[in-house]
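**Student:** Single-letter residue listing:
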Amino acid sequence: MKNVVIAGYARSPFHFAKKGALARVRPDELAAQVVAALVERSRIDPKDIEDVIMGCAIPEGEQGLNIGRIVGFLAHLPLNVAGATVNRFCGSSMQAIHMAAGAIQLDAGEAFICAGVESMTRVPMTGFNPSPHPGLAKEYPQAYISMGQTAENVARKYQVTREQQQELAVKSHKKAAAAQVAGKLKDEIVAIKAKDGTIDQDGCIRPDTTQETLSGLQPAFDAEGTVTAGTASPLTDGAAAVLVTTEDYAKRNNLPILARLKSIAVAGCAPEIMGIGPVPAAQKALKRAGLAIKDIDVVEINEAFASQAIACMRELGIDEGKANLDGGAIALGHPLGATGARITGKAASLLKREGKRYALATQCIGGGQGIATILESA
Amino acid sequence: MPINKVAVIGSGVMGGGIAAHVANTGIPVLLLDIVPAGAKNRNVVAEQAIERLLKTDPAPLMHRDNARLITPGNLDDDLAKLAECDWIVEVVLEKLEVKHATYEKIEKHRKEGSIVSSNTSTIPLKDLAAGMPERFQRDFLITHFFNPPRYMRLLEIVSGAKTRADAVTTIEEFCDLRLGKGVIHAKDTPGFIANRIGGMWIQSALQAAFDLKLTVEEADAIMGRPFGMPRTGVFGLMDLVGIDLGPQVAASMQRTLKPGDAYLRIYKDRPLIAKMIADGYTGRKGKGGFYRMTKTEKGRVKEAIDLQTGAYRPSADPALGSTHERKPQALLQHEDRGGQYARRVLGLTLAYAASLVPEIADDIVAVDEAMRWGYTWKFGPFELIDQIGVDNVVALLKAANIEVPPLLQKAAGKSFYRTTDGQLEYLAIDGTYAPVERRPGVLLLADIKRRSKPLARNGSASLWDVGDGVVCLEFHSKMNAMDPDIMAMLSKGLDTVKKSNGAFKALVVYNEAENFSVGANVGLALFAANVALWPFIEEGETAGQNAYKAAKYAPFPVVSAPSGMALGGGCEMLLHSAAVQAHAESYLGLVETGVGLVPGWGGCKEMVTRLVANPKRPGGPIPPLMQAFEQIALAKVSRSAAEARDMLVLRPSDAITMNRDRLLADAKAKALDLAENYQPAKPIVVNLPGPTGAAALKLGVIDLVHQGKATAYDAVVAEKLAEVLSGGDTDMTLETSEDQLLALERRAFQALIREPKTLARIEHTLETGRPLRN
Chain Z
105 MKNVVIAGYA RSPFHFAKKG ALARVRPDEL AAQVVAALVE RSRIDPKDIE DVIMGCAIPE
165 GEQGLNIGRI VGFLAHLPLN VAGATVNRFC GSSMQAIHMA AGAIQLDAGE AFICAGVESM
225 TRVPMTGFNP SPHPGLAKEY PQAYISMGQT AENVARKYQV TREQQQELAV KSHKKAAAAQ
285 VAGKLKDEIV AIKAKDGTID QDGCIRPDTT QETLSGLQPA FDAEGTVTAG TASPLTDGAA
345 AVLVTTEDYA KRNNLPILAR LKSIAVAGCA PEIMGIGPVP AAQKALKRAG LAIKDIDVVE
405 INEAFASQAI ACMRELGIDE GKANLDGGAI ALGHPLGATG ARITGKAASL LKREGKRYAL
465 ATQCIGGGQG IATILESA
Chain G
51 MPINKVAVIG SGVMGGGIAA HVANTGIPVL LLDIVPAGAK NRNVVAEQAI ERLLKTDPAP
111 LMHRDNARLI TPGNLDDDLA KLAECDWIVE VVLEKLEVKH ATYEKIEKHR KEGSIVSSNT
171 STIPLKDLAA GMPERFQRDF LITHFFNPPR YMRLLEIVSG AKTRADAVTT IEEFCDLRLG
231 KGVIHAKDTP GFIANRIGGM WIQSALQAAF DLKLTVEEAD AIMGRPFGMP RTGVFGLMDL
291 VGIDLGPQVA ASMQRTLKPG DAYLRIYKDR PLIAKMIADG YTGRKGKGGF YRMTKTEKGR
351 VKEAIDLQTG AYRPSADPAL GSTHERKPQA LLQHEDRGGQ YARRVLGLTL AYAASLVPEI
411 ADDIVAVDEA MRWGYTWKFG PFELIDQIGV DNVVALLKAA NIEVPPLLQK AAGKSFYRTT
471 DGQLEYLAID GTYAPVERRP GVLLLADIKR RSKPLARNGS ASLWDVGDGV VCLEFHSKMN
531 AMDPDIMAML SKGLDTVKKS NGAFKALVVY NEAENFSVGA NVGLALFAAN VALWPFIEEG
591 ETAGQNAYKA AKYAPFPVVS APSGMALGGG CEMLLHSAAV QAHAESYLGL VETGVGLVPG
651 WGGCKEMVTR LVANPKRPGG PIPPLMQAFE QIALAKVSRS AAEARDMLVL RPSDAITMNR
711 DRLLADAKAK ALDLAENYQP AKPIVVNLPG PTGAAALKLG VIDLVHQGKA TAYDAVVAEK
771 LAEVLSGGDT DMTLETSEDQ LLALERRAFQ ALIREPKTLA RIEHTLETGR PLRN
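Respectively, the protein sequence lines represent chains Z and G. Position one of the first sequence corresponds to residue 105 (the working numbering), numbered consecutively onward. Position one of the second sequence corresponds to residue 51 (the working numbering), numbered consecutively onward.
Just so you know, these hints were derived from the structure itself, not from any lab. Just so it is clear, CB atoms sit at the ideal spot from N, CA and C, and this is done for glycine as well. It cannot be assumed that every hint is accurate.
[As the list claims (entries may be wrong)] Using 30 Å as the maximum straight-line C-alpha spacing, the simulated BS3-like pairs for lysine-lysine come out as follows:
1. K759/G - K122/Z
2. K123/Z - K686/G
3. K122/Z - K666/G
4. K686/G - K242/Z
5. K131/G - K149/G
6. K428/G - K263/G
7. K122/Z - K105/G
8. K123/Z - K90/G
9. K122/Z - K90/G
10. K145/G - K308/G
11. K355/Z - K456/Z
12. K318/G - K237/G
13. K122/Z - K686/G
14. K261/Z - K759/G
15. K345/G - K263/G
16. K122/Z - K278/Z
17. K391/Z - K426/Z
18. K666/G - K299/Z
19. K666/G - K123/Z
20. K242/Z - K807/G
21. K299/Z - K90/G
22. K242/Z - K759/G
23. K105/G - K123/Z
24. K759/G - K123/Z
[Stated by the list, open to error] Far from chain G by the CB rule (all over 12 Å, computed), these chain Z residues:
25. L178
26. L183
27. K288
28. P311
29. R364
30. Q387
Model the full structure from these sequences, guided by the hints.
**Tutor:** What follows is the structure, given as structure tokens:
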């Protein structure tokens, strides 16, 4: 087995879809600026890159036409660098990392750009022409269940109260705001050049969020439910990228190694409670790494919804103090295709920053799946 | 000089409303207001006015995009832009010195030949023009709009001795043709026409209610609906327009009316009114008015003020016997205090109106029109006198010791209006009858009906020869609900034109009721369903589909001309017309899902084929279905003809008429235009996604049910609709014909009409006029 490392991480600022600062930026352009910056910052010789693997949940419209290849052109990567698009919904760009790791094990390349992007402004979450299989939609409607409903289902099944969800949301905003003020997000963010100026700050964080402000909101998905717009991650525009290489290559070329991949896993679960997907996925990954949850020092768990993040942390026994140190998706935003690269890159950076040994990055996926990556300090 | 650009000075409620309505015609407007002291944004006042226009309900703008035609500015920096404007409307404070200062600014910058008008309601033109340069006086007149300018038809024009005639004509034509206003020439007298008489009506109703110790509910029940006056009655109306307006109007009347005027004689200050205003009880815009809604343990409760004590109490149904009387004559003869109230208020108001011709207007027609258009009275004062009987009114006045004005004496034993040889005539001030003249280009079915016999008639519809080879199909069923008789008359109309050997060239579907049609007669369907007369319902649906199909593919043009609501089956008539000439105030939509049905006379078919064939639509099979589904499932009704264009209920080739009185003439012209070398529409086929599309449409419904925004039965209806719109069992590689879509409509409609919950919805809607959410 070869050692696979994360040798760089960068992302765009994240902004609210439609009303945010990135609304008028095309997703291919957004991703290309992040990829170009990652290449520049890591000082990798771009011709050594085997492939650009681009995660995207709704790869159509401006995100279509194999955006992985388009981004290579836009980022002025050498023509020998290939490009692919991968879709595992919210897990897309973590999947990109897993695919790179697999390719490396097969001796099919030494260096990969594993990126992800979503403009939820410019490509709607259902796509432009949602075309479900009518038979499946009838016989097994959960296959197409809306994400909000799954969050309600998880809240009910795992008895996560509205107050608990709000508490997580408040903390997420507080942590993200503190990190922003302390400049802890600065290094990972690539300033995006847009027609009307440069965007270099996250736009979704609301430091003044409180239990009181949140308790005034109406349930967003179920009149009798507990999940509100304030305890769900917002529709977001953003892109993220990590550089995945063999440890040998990184050392040979003096690349800044953030962490080593220890184990990976994906797992399916019932689609109507898709939010619980990180539990089986993380358990598999832990087992493969020969670790127990208590061994994990840093956790990045995607907050698609507060209800599912809480349920997963409880089920996995994650110590809240180790999770999402700089805030999670409820505060930062969740551009579907970009989140996997963000939380994996973030977990790797945190291992280094905090001087810790093991990190877990994990997220739930629409349709009933989870994905997990365990990293160790290199 | 044509009017291509307008400036409105003053962006308050009226100024903003006028600017919005000019924008509704597609003409750019400059909206100027002051720079507030210390303001960073110097256009803030006008900009906020435009923002307010977008939020106001009912909407002053016929389409949100019209706001872009209004350019905000300020009276310090932007006066030079007045040089681009052909018409400058002043809507600033009702203070002479403020207006004069504004005119001086305008005068420095406006171009030669531009027209300036004031929207004043209280200051005489002679005072406004006094001391102004000659050029200004020649180009100056009063254009008095009523609030809200989009919806109130009346526009009073007052010109001065020096106003040039062509300036008056230009404004009159613009306001009539473009703004769609009912233009009335008023004289330079206090309150002009409508507010002069309306002021007397309100004041006498107010004073008499205090004097006769009526409750506000009793007063409003009497001085409202029975006489074709607004349902709100006078107290409800004052709540609506603002009680604080009353003393302002009274003050200006006291300042400008000649001593001894009847208004001044009956006017009294009422301490309660002054106290209400002082305490902020100015009506709906304030803490409450004569009525208010109060939150209690039992929910929101309507309260009314006790005029004698000033205390609020729960609103009660009027108890007086007279308040249950619906017929004007019977009400006027009633012995109780209510009858007394009606005699006093109506006596004072009608006598006042009769005493003011020709002082305020040249003839009674102008007065009647002004009250109908400006105060939404169903009948003007002279029409009302005719209804009650001139001699009855004279007797009533004598009994109440009210002076009988000379004009009323002249009418003794006669009426103010009569019909001679099919021509409507009115009593002129010299005591002779003169024909009621319509403006050039105005064509009213009412006039045609007065002078001719229908080509055919049944209980629900008639055919009229409206001249130049055009037949008009008029609906006249209750609320113009579509029923088998209307369908039969449509078929007869099509036959009449077809078999006329070229004598008739086109059919226009038009009527002069408040609403073109509120939809199919679902009461009939309910009755048939209750006795399981399924074949009757099935035949009714098929007959409707066939009649509409015949209209669409007729070898001559069928042009529909709606005004007001055209819903459900009424809207489907428009969808099957070669062209639509819509009144700007048309409210169109397919609303069948509200009663648990899907459009069954080709409405689904037309919307799907239109939206799929729309060259401007987004790509892929699903987006056009989504739009059709959202519009029909949510029973969306446009709030103007302009909005109906967005829905594609009106096509780009359909046209809009601003002035209601010109709708028939425009529709007729459109029909004749199309009749030249007419080629009927060709049936089209579309590729629809079938079950995949239905599955996509249904996904959204599930979420709406969870969110509590739709009921489980809404989902049942929506699913049936989804199946029709997506083409049933088809596949996107196959073509679907219009007939196949019609068959799908029939299948869905017939399934739903057998559902108890659909029948419950129909029953509830018929009883309450509201949808049932079951």
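**Student:** Hint by hint, work out which the structure violates, then give me just those numbers in ascending order.
**Tutor:** none
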